[in-house]
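Peer 1: Construct the entire structure; sequences and hints are all you get.
2 protein chains.
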Amino acid sequence: MPLQHQVPDQTVSRSQFLCRYASTGLATSLLAMSIAAQAAIVVPENPLKAKPSTADLVKTAQPSDWRQPDPENTLYLELEKGRVVIELAPLFAPNHVENIRKLVREGYFDGLAIVRSQDNYVVQWADPDEKRELKTAKKNLDPEFTVSVPKGMTFNRLFDTDGYAPQVGFSNGFAAGRDPKTNTTWLAHCYGAVGVSRDSAVNTGDGTSLYVVIGNAPRQLDRNITVVGRVLAGMPLLSTLPRGTGALGFYEKPEQNVPMKSIRLAADVPEAERTHLDVIRTDTPLFKAIVEAQRNRGGDWYKRPAGHVDLCNVQIPVREHNK
Amino acid sequence: MPLQHQVPDQTVSRSQFLCRYASTGLATSLLAMSIAAQAAIVVPENPLKAKPSTADLVKTAQPSDWRQPDPENTLYLELEKGRVVIELAPLFAPNHVENIRKLVREGYFDGLAIVRSQDNYVVQWADPDEKRELKTAKKNLDPEFTVSVPKGMTFNRLFDTDGYAPQVGFSNGFAAGRDPKTNTTWLAHCYGAVGVSRDSAVNTGDGTSLYVVIGNAPRQLDRNITVVGRVLAGMPLLSTLPRGTGALGFYEKPEQNVPMKSIRLAADVPEAERTHLDVIRTDTPLFKAIVEAQRNRGGDWYKRPAGHVDLCNVQIPVREHNK
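Chains as they are written, first to last, in the working numbering: chain A, 1 to 323; chain B, 1 to 323.
Since the hints were made in silico from the structure, they are not lab data. Note that the structure is predicted; figures quoted are calculated from it, not measured. Hints may contain errors.
If several chains are the same, the list does not tell them apart, and a pair holds so long as it fits within one copy or across any two.
What the hints assert, rightly or not - Within a straight-line C-alpha distance of at most 30 Å, the following computed DSBU-like cross-link-like pairs (lysine-lysine) qualify:
#	residue 1	residue 2
1	K261	K288
2	K81	K253
3	K51	K181
4	K303	K139
5	K303	K138
6	K102	K303
7	K261	K81
8	K59	K261
9	K288	K135
10	K49	K303
Peer 2: Printed below as a string of structure tokens:
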């Protein structure tokens, strides 16, 4: 089943700002003009050493560089305009993930709505009528803001400076923070992160209302709220929703709410209706090279490599394949 | 003239994730339930010390804490759905700002279109037909990726760790980087930053095609392209545009382009039709307190202050007033 919108590889290529219209003549005519000298500091035109971009590296990926998310950890949020695919991270929030699976299998979310869209921050869904009853799922869970580092969790550390965590890196495909003093880890609030809304008391979240980050990484939320996964595909279906004009971006009128047809576990969806995604593994030499390609970009367009990449600026490539 | 969408103060309040529906009874009933113990690490419920939020601090602002952007440095991008207000930063890009003023006054942009919307990255406008001629404006300018620190520029440094620049802080209302070794400064690519598209050669930008950041701060672009200002109001008009499905988020069909009615300088717009914005000054004790309120949030909701704030996570409050 094709996605309405695929998540593209966001990586900046050397032609990122090359206007596509340039090829029809404008660029050539611009280049041919003699330029009056201006007062600014002139950047040397010495090109950076050519080096592979993320896209180049992805082309070299072997089957072992890709992983297929477990259908038991994959949610399909079905909106009228298409499907959002979420990968859950049970190693980081085992109790919340278990509860969300129960909520999904109870049909808890079916027919609910996205009730909030705050620019440069989050969208959030909930039961607008507060009428849904829980069946097997629990109300209120103890927080999983951080967890003790579990067995089986990889950690490919990013040695770039980070202000929000003692250590950052990638664990089993997710951007994460770590504190070696307490041997704890947590998911970072990067673009597309999915978290569990809560009230002021730490145990008031249970997964009945989830939010997705649609703006600049709000890392101040890290370790203050339980993050359960991230969006792998379909982000534009959420990021382009009209912003709510109420406080905190809530929609002010019920008719502004965005209906959710359903949330299903991929495991419960017939094979033919599934979205088959491959995600680049984060514990491989290839991924290390991809991070370096994003840290120090080469080629014609960039003139000054950053020498750094923020945790949430690392793009983990995802592709859809037919099965 | 009211804005279609105002830029709200994005600051996370302690009630950020308090579902607005909670007040009608759900939260109370949830709190009254006894909670089964879970296996996660339990966060202490000790509340953080109450301290003023950004919103609290803004309420204490004196007239001298606010500034009114110069109408000669203010652009109105008029879309069918409303107005986007951009503040230009001539201290950072004097030649490009001068050229953009000329382009605006020539009517260069009127009737052009937004031709690109790439998720978690940028929107960009240009002449889709490449037919526009320049009159007084120049084609191709030498880059202003950085400038020598000019006289009259304030710098309120943020001492928080930053991976992309030797120093970061706020200059005359804008998030900026600095390198004391070269005595240069540049605008940072934060959410809402407005930059000048270019081809691979550094002098191929002139302001005829501009982009606005709509995603996680792409700081790797800093010092690689000329940034001329930032959006003060109306971001949702850009951030919610349908994403382009072509390479780099370009719209694939001409009819997908988003028409721009015009771009005007506020100085050329009759007083009664102007959008009157106040922006919090960044060189005041109040702003220092606002930054601290965003670095270490207090109150009931947050359990762990971040002890850090990224340059692009600092929200500079803006309000609209009637005149």
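Peer 1: Indicate which option fits the pair K59, K261 if close means a Cα-Cα distance not exceeding 30 Å: within, between, both or neither.
Peer 2: neither (36 Å within a copy, 42 Å between copies)
Peer 1: When Cα atoms must be at most 30 Å apart, do K49 and K303 count as within-copy, between-copy, both, or neither?
Peer 2: within (10 Å within a copy, 47 Å between copies)
Peer 1: Which holds for K261 with K288 at a C-alpha limit of 30 Å: within a copy, between copies, both or neither?
Peer 2: Result: close neither inside a copy nor across copies, 39 Å intra and 46 Å inter.
Peer 1: State whether the alpha carbon distance between K261 and K81 is at most 30 Å within one copy, between copies, both, or neither.
Peer 2: both (10 Å within a copy, 28 Å between copies)
Peer 1: Can you tell me if K303 and K139 fall within 30 Å by alpha carbon in one copy, between copies, both or neither?
Peer 2: between (54 Å within a copy, 21 Å between copies)
Peer 1: From the Cα coordinates, with 30 Å as the cut-off, is the pair K51 and K181 best called within, between, both, or neither?
Peer 2: between (38 Å within a copy, 28 Å between copies)
Peer 1: Within a copy, between copies, both or neither: which one fits K81 and K253 at a CA-CA cutoff of 30 Å?
Peer 2: Both ways: K81 and K253 sit 21 Å apart in one copy and 20 Å across, limit 30 Å.
Peer 1: Could you place K303 and K138 in one of the four classes (within, between, both, neither) given a Cα distance threshold of 30 Å?
Peer 2: between (54 Å within a copy, 23 Å between copies)
Peer 1: Given identical chains, is K102 near K303, meaning Cα to Cα at most 30 Å, within a copy, between copies, both, or neither?
Peer 2: Result: close only across copies, 28 Å inter versus 51 Å intra.
Peer 1: When Cα atoms must be at most 30 Å apart, do K288 and K135 count as within-copy, between-copy, both, or neither?
Peer 2: Classified as neither: same-chain Cα gap 44 Å, cross-chain 49 Å, threshold 30 Å.
Of the numbered hints listed earlier, those contradicted by the structure are 1, 8, 9.
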